[in-house]
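Number of protein chains: 2
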Amino acid sequence: MQTQATTIRIGIVGHGNLGRGVEAAIAKNPDMVLAGIYTRRDPAQLKPLTAGAPVYRLQDLAGHKDRIDVLVLCGGSKDDLPVQSPQLARDFCLVDSFDTHARIPEHFAAVDAAAQAGKTTALISAGWDPGMFSINRVMGEALLPDGATYTFWGKGLSQGHSDAIRHVAGVAGGVQYTIPVDEAVEQVRSGTRPQLSTRQKHRRECYVVLKDGADAEGVRRAIVTMPHYFDEYDTTVHFISADELARDHAAMPHGGFVIRSGNSSAANKHVVEYRLQLDSNPEFTSSVLVAYARAVHRLHQAGQMGCKTVFDVAPGLLSPKSAEQLRAELL
Amino acid sequence: MQTQATTIRIGIVGHGNLGRGVEAAIAKNPDMVLAGIYTRRDPAQLKPLTAGAPVYRLQDLAGHKDRIDVLVLCGGSKDDLPVQSPQLARDFCLVDSFDTHARIPEHFAAVDAAAQAGKTTALISAGWDPGMFSINRVMGEALLPDGATYTFWGKGLSQGHSDAIRHVAGVAGGVQYTIPVDEAVEQVRSGTRPQLSTRQKHRRECYVVLKDGADAEGVRRAIVTMPHYFDEYDTTVHFISADELARDHAAMPHGGFVIRSGNSSAANKHVVEYRLQLDSNPEFTSSVLVAYARAVHRLHQAGQMGCKTVFDVAPGLLSPKSAEQLRAELL
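From first to last, the protein sequence lines stand for chains Y and D.
Residue numbers for the first sequence follow my numbering, so the first one is 62 and each next one is one higher.
Residue numbers for the second sequence follow my numbering, so the first one is 62 and each next one is one higher.
To be clear, the hints were calculated from the coordinates, so they are not data collected in a lab.
Because the structure is a prediction, the values reported are computed rather than measured.
Every residue gets a Cβ at the ideal spot worked out from N, C-alpha and C, and that includes glycine.
One or more hints might be untrue.
The following residues of chain Y were derived to be distant from chain D, with all beta-carbon distances above 10 angstroms [stated by the list, open to error]:
1. Ala-85
2. Ala-112
3. Ser-326
Covered by chain Y, per the in silico footprint, the following chain D stretches (three or more residues, Cβ under 8 angstroms) [what the hints assert, rightly or not]:
4. 140-153
5. 238-247
6. 253-259
7. 330-336
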């Protein structure tokens, strides 16, 4: 039996929810070791999950090329990754979770140019959507070309929509949950390939803390009519206290389904469903990033340079087990 | 945008349920064409789904090397594939659905030796289990290393168990359905990682036609106590008429779930579920075989010779779309 003797040295860039999740995920993978956490903050102020974990300033990274096999970038898709991923891909193999779907082609091009120039291997847009859900969209379509694909998100806390609520005048705090509509999910699961509007697929539920003296009905109306964010959905607003918000809504659960239904012949239809129920959106995303860091390390060792996505990674590369072991145990 | 201009020429070996399914699947994939159906029977007696489809004797295959890109082998795992796959892999790229889990390592070794010698690309054990379920077992474990994996089969018609029933004295005909136990599935979905016995996971339901004068209670007892097949399960036997058997039990539905639950940290657990509901087990298996035939053709064009499994195939290789198109549309 072949074994994986090498230890993969992971560097974490950024230590928010995602970076802490990567730290936790490394601890679950015996073939990995945390080489360092790199931060724009003062390293002395940062509290790693593991006492004594090495923390450095971001600018120290340039001198640490020989200490790191793969960097996991934990910044945001709006401002951090469009700059960091192409910049760091010149010198490091890396994984990011770039999730602005519409801008993936340009991000890919920028990272690919850097990785090709630096002879590194970089994988962008790992996570669960983009990521695991994307894989299931591609495979569903490939297995059942005569069919339809549906993606549902939730029940889960949406960061973007929660931010939008907090910007409404009179709101002191709040969160928003995206919830798939049960009837729509059941229709899709039945294999009838329904045409569903935005409103028919998801509903939105908001938990809002009012500022002193704010007009509840005015706030409610401002939320449910907000263009792009809420106006196309059935939205419910619940008013709660700051204590309730802190006590009941601090977690970041999420999840959803990708469902492909299609016909292999006029007589026979099939339904393929991939479903996630996540206690913590950032921690699961981090777990995916770390598994893809392993794949990136192997692709690099096999001489496959340039930018990759989850579509380019064979499932076996994600596992610490050898190909022989996988065939014997899990095929 | 890059397009796939090439047409992939598929040869089908064997024309039972699986071979007919492959014929149906080729018709759903515009980048594929049926080069020929190869049979041990008299070609004149075989009825292809498409009028005029070319049918040849199996021994004609040797002379058709330049007409075929990938063979899809549709024989059985017990007697056909252990002989055919290594034999044909010397001269052809191919896909098979070898599903005797315990013998996969030796089948792999035999096919790999032949494919390496012949400089061909062969993929074994495609389908849904082994196949799609195997991929989800590997990925579940890689994403959540601190966790447990559960595979449930059904509700579905089991060919092996149906055969076993038909060999019981006094039985004129019958089918067996494997059914996951709802309580077990719900426990697993809750993420509690239960320890489940064979009996707790699945139950078996049999629909049996008695021969004239057979003793129903004796037949029932012979079935439910049959070692390996039924004695470890709760089994229900229903006696029906030959007409009911033909009318209500001719279809071959199947499916099941692969569920991985695990923790990314002490505080947070996650549940990943992959689920299939199939009207026709052989037709869906055939759809998978054909998608993997596309991947085999591409791996071969890329110079990757030898034996492969689903663990070695990146998701993007299964799709007729280009990598650019997949990134822009489905990531």
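Hint check:
1. Ala-85: Per Cβ check, Ala-85 of chain Y is inside 10 angstroms of chain D; nearest 5 angstroms; violated.
2. Ala-112: Non-interface label stands for Ala-112 of chain Y: nearest chain D Cβ at 16 angstroms, farther than 10 angstroms.
3. Ser-326: Given that some Cβ of chain D is not farther than 10 angstroms from that of Ser-326 of chain Y, nearest at about 5 angstroms, it is violated.
4. 140-153: violated (count 0)
5. 238-247: Check failed, 0 qualifying residues.
6. 253-259: violated (count 0)
7. 330-336: Since three or more residues must qualify, the claim that chain Y covers the segment 330-336 of chain D holds, with 7 doing so at under 8 angstroms.
Hints 1, 3, 4, 5 and 6 from the list above are not met by this structure, while the remaining hints are.
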